[in-house]
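Enquirer: Here is what each chain is made of, one letter per residue.
Protein chains: 2
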Amino acid sequence: MTRSVQIYDTTLRDGTQAENFNLSVTDKIRISHKLDNLGIDFIEGGWPGSNPLAVEFFKTMQGETLKHAKLVAFGSTRLFSNPCQEDKNLQALLDAKTPVITIFGKSWDIHVHDALRIELEDNLLIIEESLAYLKPHVETLFYDAEHFFDGFKKNHDYALATLGKAISGGAECLVLCDTNGGMLPHEVQPIIERVQRFVTERSKTVTLGIHAHNDSETAVANSLLALSLGVTQVQGTMNGYGERCGNCNLTSVIPALGLKMGYECESVKNIDRLYDTAMLVDELANLPHNKYQPYVGRSAFAHKGGIHVSAVKRNPLTYEHIEPEKVGNVRRILISDQAGKSNVLHKAKKFGIDLDPNSPIAASIVAELKNLENQGFQYEGAEASFELLMRRAIGAQANFFTLRGFRAINSKRSMDKPPETEATIRVEVGGEEVHTAAMGDGPVNALDKAMRKGLTQFYPALEEIELVDYKVRVLSGQHGTGAKVRVLIESKDKYEQWGTVGVSVNIIEASWQALVDSLTYKLMRDEQRNATKN
Amino acid sequence: MTRSVQIYDTTLRDGTQAENFNLSVTDKIRISHKLDNLGIDFIEGGWPGSNPLAVEFFKTMQGETLKHAKLVAFGSTRLFSNPCQEDKNLQALLDAKTPVITIFGKSWDIHVHDALRIELEDNLLIIEESLAYLKPHVETLFYDAEHFFDGFKKNHDYALATLGKAISGGAECLVLCDTNGGMLPHEVQPIIERVQRFVTERSKTVTLGIHAHNDSETAVANSLLALSLGVTQVQGTMNGYGERCGNCNLTSVIPALGLKMGYECESVKNIDRLYDTAMLVDELANLPHNKYQPYVGRSAFAHKGGIHVSAVKRNPLTYEHIEPEKVGNVRRILISDQAGKSNVLHKAKKFGIDLDPNSPIAASIVAELKNLENQGFQYEGAEASFELLMRRAIGAQANFFTLRGFRAINSKRSMDKPPETEATIRVEVGGEEVHTAAMGDGPVNALDKAMRKGLTQFYPALEEIELVDYKVRVLSGQHGTGAKVRVLIESKDKYEQWGTVGVSVNIIEASWQALVDSLTYKLMRDEQRNATKN
Numbered sequence: 000m001t002r003s004v005q006i007y008d009t010t011l012r013d014g015t016q017a018e019n020f021n022l023s024v025t026d027k028i029r030i031s032h033k034l035d036n037l038g039i040d041f042i043e044g045g046w047p048g049s050n051p052l053a054v055e056f057f058k059t060m061q062g063e064t065l066k067h068a069k070l071v072a073f074g075s076t077r078l079f080s081n082p083c084q085e086d087k088n089l090q091a092l093l094d095a096k097t098p099v100i101t102i103f104g105k106s107w108d109i110h111v112h113d114a115l116r117i118e119l120e121d122n123l124l125i126i127e128e129s130l131a132y133l134k135p136h137v138e139t140l141f142y143d144a145e146h147f148f149d150g151f152k153k154n155h156d157y158a159l160a161t162l163g164k165a166i167s168g169g170a171e172c173l174v175l176c177d178t179n180g181g182m183l184p185h186e187v188q189p190i191i192e193r194v195q196r197f198v199t200e201r202s203k204t205v206t207l208g209i210h211a212h213n214d215s216e217t218a219v220a221n222s223l224l225a226l227s228l229g230v231t232q233v234q235g236t237m238n239g240y241g242e243r244c245g246n247c248n249l250t251s252v253i254p255a256l257g258l259k260m261g262y263e264c265e266s267v268k269n270i271d272r273l274y275d276t277a278m279l280v281d282e283l284a285n286l287p288h289n290k291y292q293p294y295v296g297r298s299a300f301a302h303k304g305g306i307h308v309s310a311v312k313r314n315p316l317t318y319e320h321i322e323p324e325k326v327g328n329v330r331r332i333l334i335s336d337q338a339g340k341s342n343v344l345h346k347a348k349k350f351g352i353d354l355d356p357n358s359p360i361a362a363s364i365v366a367e368l369k370n371l372e373n374q375g376f377q378y379e380g381a382e383a384s385f386e387l388l389m390r391r392a393i394g395a396q397a398n399f400f401t402l403r404g405f406r407a408i409n410s411k412r413s414m415d416k417p418p419e420t421e422a423t424i425r426v427e428v429g430g431e432e433v434h435t436a437a438m439g440d441g442p443v444n445a446l447d448k449a450m451r452k453g454l455t456q457f458y459p460a461l462e463e464i465e466l467v468d469y470k471v472r473v474l475s476g477q478h479g480t481g482a483k484v485r486v487l488i489e490s491k492d493k494y495e496q497w498g499t500v501g502v503s504v505n506i507i508e509a510s511w512q513a514l515v516d517s518l519t520y521k522l523m524r525d526e527q528r529n530a531t532k533n
Numbered sequence: 000m001t002r003s004v005q006i007y008d009t010t011l012r013d014g015t016q017a018e019n020f021n022l023s024v025t026d027k028i029r030i031s032h033k034l035d036n037l038g039i040d041f042i043e044g045g046w047p048g049s050n051p052l053a054v055e056f057f058k059t060m061q062g063e064t065l066k067h068a069k070l071v072a073f074g075s076t077r078l079f080s081n082p083c084q085e086d087k088n089l090q091a092l093l094d095a096k097t098p099v100i101t102i103f104g105k106s107w108d109i110h111v112h113d114a115l116r117i118e119l120e121d122n123l124l125i126i127e128e129s130l131a132y133l134k135p136h137v138e139t140l141f142y143d144a145e146h147f148f149d150g151f152k153k154n155h156d157y158a159l160a161t162l163g164k165a166i167s168g169g170a171e172c173l174v175l176c177d178t179n180g181g182m183l184p185h186e187v188q189p190i191i192e193r194v195q196r197f198v199t200e201r202s203k204t205v206t207l208g209i210h211a212h213n214d215s216e217t218a219v220a221n222s223l224l225a226l227s228l229g230v231t232q233v234q235g236t237m238n239g240y241g242e243r244c245g246n247c248n249l250t251s252v253i254p255a256l257g258l259k260m261g262y263e264c265e266s267v268k269n270i271d272r273l274y275d276t277a278m279l280v281d282e283l284a285n286l287p288h289n290k291y292q293p294y295v296g297r298s299a300f301a302h303k304g305g306i307h308v309s310a311v312k313r314n315p316l317t318y319e320h321i322e323p324e325k326v327g328n329v330r331r332i333l334i335s336d337q338a339g340k341s342n343v344l345h346k347a348k349k350f351g352i353d354l355d356p357n358s359p360i361a362a363s364i365v366a367e368l369k370n371l372e373n374q375g376f377q378y379e380g381a382e383a384s385f386e387l388l389m390r391r392a393i394g395a396q397a398n399f400f401t402l403r404g405f406r407a408i409n410s411k412r413s414m415d416k417p418p419e420t421e422a423t424i425r426v427e428v429g430g431e432e433v434h435t436a437a438m439g440d441g442p443v444n445a446l447d448k449a450m451r452k453g454l455t456q457f458y459p460a461l462e463e464i465e466l467v468d469y470k471v472r473v474l475s476g477q478h479g480t481g482a483k484v485r486v487l488i489e490s491k492d493k494y495e496q497w498g499t500v501g502v503s504v505n506i507i508e509a510s511w512q513a514l515v516d517s518l519t520y521k522l523m524r525d526e527q528r529n530a531t532k533n
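First to last, the sequence lines map onto chains A and B. Each residue of the first sequence is one higher than the one before, starting from 0 at the first, in numbering that gives the first Met the number 0. Each residue of the second sequence is one higher than the one before, starting from 0 at the first, in numbering that gives the first Met the number 0.
By construction, these hints were calculated from the structure, which means they are not laboratory data. Please read all numbers here as calculations on a predicted model, not as lab measurements. For every residue, glycine included, the Cβ atom is placed at its ideal position computed from N, Cα and C. Treat the hints with care, since some could be wrong.
What the hints assert, rightly or not - Below, computed lysine-lysine pairings styled on DSS-like, alpha-carbon distance capped at 25 Å:
id, chain 1, residue 1, chain 2, residue 2
1, B, K325, A, K153
2, B, K452, A, K483
3, A, K452, B, K483
4, A, K152, B, K259
5, B, K369, A, K312
6, A, K483, B, K491
7, A, K325, B, K153
8, A, K290, B, K290
9, A, K416, B, K58
10, B, K268, A, K470
11, B, K369, A, K87
12, A, K312, B, K153
13, A, K152, B, K325
14, B, K87, A, K152
15, A, K483, B, K312
16, B, K470, A, K290
17, B, K312, A, K153
18, B, K259, A, K369
19, B, K369, A, K58
20, A, K259, B, K416
21, B, K369, A, K483
22, B, K483, A, K470
To be verified - What follows is a list of derived Cβ distance ranges for each label pair:
id, chain 1, residue 1, chain 2, residue 2, range
23, A, A436, B, P51, 51 to 61 Å
24, A, H434, B, S363, 36 to 46 Å
25, B, E495, A, K152, 33 to 43 Å
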């Protein structure tokens with residue numbers, strides 16, 4: 000028997016309340032499209048009454064189209080002192096012009112007293128009134144019962160009364176929130192069952208949702224349990240980001256629902272996009288990927304123990320609870336070059352490189368790859384560098400230019416002025432030496448300008464390259480200012496976008512490697528395009 | 000009604016099967032003492048039949064004393080082809096001379112066929128015989144039923160039969176393992192109840208344990224559920240490290256058992272040592288601390304949203320499910336653009352700065368903070384820079400040195416050699432100019448060395464600074480090589496650890512700002528410490 004469920008993502012709102020997790024408006028728009036592509040049903044974009052970036056986000060999103068997901072604006076019940084029409088928060092929600100609005104209200108008496116500092120009755124009033132005020136202006140209206148479980152444990156009559164007001168105010172779904180994240184699974188069931196009885200006595204149509212936090216490491220379990228009891232909406236974030244220990248991790252919930260519990264929803268249909276979606280969120284937040292993360296972690300299907308390795312190669316079911324490809328992940332064998340080799344062959348095919356699996360060249364590419372990876376090179380997000388590596392290994396890479404050296408001078412002569420940076424490069428093209436220099440905002444920018452200055456006289460097409468993104472990361476397990484850094488550069492021209500990488504203890508050198516690969520890749524692709532024309 | 004439970008830690012064995020998680024014998028001995036100090040009941044030290052480091056560990060531990068914990072050697076049932084006396088694995092277990100031995104056996108028919116490649120009956124034989132052989136040589140004998148849940152789902156009669164053999168072989172506790180980590184909580188209860196009926200029909204003394212993996216993000220929930228059903232031993236690791244997505248996280252289980260579920264055990268008595276124990280494991284494994292981790296994460300009690308901050312200061316229960324001090328952690332109020340004046344005042348108090356909330360200086364600090372934040376400065380993780388900012392604003396910051404300028408030259412003369420970097424700095428100390436230079440691995444490392452070289456003649460204490468971490472981030476919404484970068488530096492001395500920040504389009508300048516703040520902070524704190532002595 001299949002059941003349906005709504006997946007509600009609050010990465011862009013609750014997620015951003017995590018320490019060190021920050022997204023620009025542009026990042027949020029990219030993530031919205033990625034979530035939409037995955038099949039998320041609701042995307043909570045922000046709290047416009049509290050955060051100017053959210054206002055800007057909703058404004059920009061009015062010009063964007065989502066294929067499936069509905070955008071949600073989030074906010075609080077009105078301030079007791081303001082009538083609805085004058086409440087800035089409610090007005091901001093309406094100004095966001097989203098098809099869906101979610102507001103949260105207090106369910107726990109101590110919050111009403113200590114946080115809002117109003118009477119219990121007054122809180123009931125503002126819940127009902129705020130919802131009723133918003134109702135005519137939206138397609139769908141949701142109510143988040145903040146701190147519901149703690150509130151119920153302390154004063155269940157009052158907690159239920161707040162839900163009663165939410166129903167009469169017009170909320171279509173009441174989302175029970177474990178806002179402090181302290182609930183253990185055995186406590187969840189009796190509370191949800193009591194709420195279900197309460198709700199069905201009052202409405203035939205109102206449904207329930209669950210919004211759990213992970214302070215007890217039970218948010219996913221609590222959410223799955225709630226859904227198995229008949230709750231139909233689950234709220235959470237990608238990779239579980241959120242305030243303190245995070246929100247319920249949708250990246251773990253969606254596969255459980257779709258691959259184990261027989262649920263249906265749009266994101267289950269596209270579940271092989273899960274890995275890429277999870278990766279994009281980490282990348283845009285510029286936070287390190289949690290390799291141990293269930294389903295989408297790089298280590299989630301990585302087999303290290305010798306016994307596991309041979310068993311899993313014979314029959315993957317012996318040590319894998321699902322097939323990694325189902326969520327877009329891959330199996331990795333850590334002690335053996337067999338899986339390393341299959342990845343290489345897979346990529347070769349993708350790049351249109353003819354590589355005999357049993358050839359010494361294939362083996363030497365794998366060995367070189369392992370060696371580079373041990374030094375910190377990582378080709379996720381830098382496939383162009385990987386393709387160049389392979390082409391060089393099979394001798395198919397033309398030499399567009401030969402590097403001879405560079406120098407970057409960064410000079411701050413006075414505290415009142417910014418530093419000056421000058422870069423000098425020496426390259427050789429077809430036997431002719433080019434030795435030129437350029438100024439820049441910083442050393443990497445100066446090198447970029449100098450390289451282009453030197454090479455565009457031979458290769459005018461290099462002018463078409465736009466550097467779209469520049470990321471730096473200090474490698475794990477390294478300390479201090481002598482640590483190795485990895486630089487990733489994202490470039491584009493009118494045909495495509497590509498990523499390149501460089502690694503060094505010297506950030507200038509690492510950046511230069513990535514720059515050089517970017518220019519080389521462009522020239523290589525232009526040559527391919529010209530060859531197919533002729 | 001209090002119940003008692005045994006906590007069984009396998010960080011040193013199963014934990015080390017995690018990718019990138021490696022411990023030396025010395026590390027393992029340190030961790031053993033730390034776990035013992037926490038009050039862990041069983042410490043599984045390794046698999047001597049498979050890992051020479053484990054052999055060395057057990058040998059060394061024979062000379063060490065544990066106050067409470069019992070050391071456990073781990074291994075497999077004998078190879079079918081070997082009689083017990085000739086089986087190297089069983090002999091290695093005896094040679095470890097531990098008071099406790101745990102062996103694992105196959106519960107899942109496909110494993111018997113595909114992994115062991117023997118008959119089902121033969122597997123039953125080796126389970127019973129291996130246990131019976133070891134029994135006279137140990138105080139306590141445990142049996143891990145590997146893949147028990149998957150085995151039960153596939154062929155419950157066979158899975159139960161393996162347990163029957165374990166009972167007759169002499170195992171005192173049968174540990175049911177979800178080795179693939181694929182079990183969801185709702186599946187666990189009926190299986191455990193069936194096993195309980197099976198066991199009580201055959202023995203009055205044999206108990207049950209649970210060993211869950213976290214591939215579905217439900218290991219903690221599954222374990223707590225099992226314990227609530229009467230299982231008395233829980234196996235797991237510190238910080239949840241383990242194969243693929245890890246083991247059941249004891250750092251989340253112990254607080255749940257002790258602070259919420261009314262269980263008793265030695266580690267609950269010492270639960271305020273939990274944070275330090277968790278930190279030591281990360282440190283020795285040289286893996287980054289997971290700040291979002293429940294209970295012991297640096298962010299577990301970190302409050303960012305403005306509404307949360309004001310509420311939690313009035314009444315911590317409003318947003319914290321337990322008091323952080325109970326597990327050795329602390330509450331943190333984050334400075335971010337979501338905060339504002341109340342955060343600034345809170346920090347001022349913490350820094351011992353006397354700031355009148357209504358003064359123009361307070362308002363100007365808030366305004367300056369917003370301005371700097373808009374430029375990309377972020378003080379999360381850089382509190383030392385924030386404190387210096389505030390002290391300068393109130394005119395309380397001494398001038399230890401005056402910067403005049405710097406220069407960094409990065410020069411790659413040949414493709415065969417790494418680049419050479421030289422940094423030159425000019426500073427003035429008490430009217431005397433210092434102009435010196437140093438070489439480094441990269442421009443930032445060179446500047447760091449040059450600064451210290453120039454200043455330690457005046458301030459020898461600067462030698463005590465160790466740069467612990469260096470992070471670079473391109474600011475969101477900025478593109479290409481002309482983007483602003485933010486550099487965060489973490490430094491420490493024998494007294495404390497502190498973070499500083501720098502922002503610029505020029506990565507060298509951004510690094511320099513953070514370095515200068517780090518040195519200034521150290522000098523400021525040393526001055527404070529000397530003042531309190533006198």
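Enquirer: Could you run down the list of hints and mark each one as holding or not?
Expert: Hint by hint, here is what the structure shows:
A C-alpha spacing of about 22 Å is found between K325(B) and K153(A), which places the hinted pair at or below 25 Å, so the restraint holds. About 23 Å separates the Cα atoms of K452(B) and K483(A), which keeps this hinted pair within 25 Å; it holds. Distance check on the hinted pair: K452(A) and K483(B) sit about 23 Å apart at the alpha-carbon level, within 25 Å; holds. As the CA atoms of K152(A) and K259(B) are separated by approximately 13 Å, the hinted pair is consistent with the 25 Å bound.
Between K369(B) and K312(A) the alpha-carbon distance is near 56 Å, which puts this suggested pair outside the 25 Å criterion. Proposed proximity of K483(A) and K491(B) is supported: the alpha carbons are some 20 Å apart, at most 25 Å. Of the pairs offered as hints, the one joining K325(A) and K153(B) holds, with about 22 Å between alpha carbons and a cut-off of 25 Å not exceeded. Simply put, K290(A) and K290(B) have alpha-carbon atoms about 15 Å apart, close enough for the 25 Å limit, and the pair holds.
The hinted pair formed by K416(A) and K58(B) fails the criterion: a straight-line CA distance of about 64 Å is larger than 25 Å. For the hint pairing K268(B) with K470(A), the CA-to-CA distance comes to about 46 Å; that exceeds 25 Å, so the pair is violated. With a C-alpha separation of about 22 Å, the suggested pairing of K369(B) with K87(A) holds against the 25 Å cut-off. Distance hint between K312(A) and K153(B) is fulfilled; the C-alpha atoms sit about 20 Å from each other, no more than 25 Å.
For the given pair, K152(A) sits about 22 Å from K325(B) by alpha-carbon distance, which is consistent with the 25 Å threshold. With a C-alpha separation of about 56 Å, the suggested pairing of K87(B) with K152(A) is violated against the 25 Å cut-off. A threshold of 25 Å between alpha carbons decides the hint, and for K483(A) with K312(B) the separation of about 41 Å lies outside it, so the pair is violated. The straight-line distance between the Cα atoms of K470(B) and K290(A) is roughly 19 Å, inside the 25 Å bound, and the hint therefore holds.
For the hint linking K312(B) to K153(A), the alpha-carbon distance of about 21 Å falls within 25 Å, and the restraint holds. A hinted pair counts as satisfied when its Cα atoms are at most 25 Å apart, and K259(B) with K369(A) does not qualify at roughly 47 Å. In summary, the hint linking K369(B) to K58(A) is supported, as the alpha carbons are separated by about 23 Å, within the 25 Å threshold. The suggested pairing of K259(A) with K416(B) is violated, with an alpha-carbon distance near 55 Å, which exceeds 25 Å.
Restraint check: the Cα-Cα separation between K369(B) and K483(A) comes to about 33 Å, which exceeds 25 Å; the hinted pair is violated. Between K483(B) and K470(A) the CA atoms are separated by roughly 11 Å; this keeps the pair inside 25 Å, and the hint holds. The beta-carbon spacing between A436(A) and P51(B), approximately 57 Å, falls within the hinted interval of 51 to 61 Å. Hint check: H434(A) to S363(B), Cβ distance near 51 Å, so the stated range 36 to 46 Å is violated.
Judged by the Cβ atoms, the range 33 to 43 Å given for E495(B) and K152(A) holds: they are separated by roughly 40 Å.
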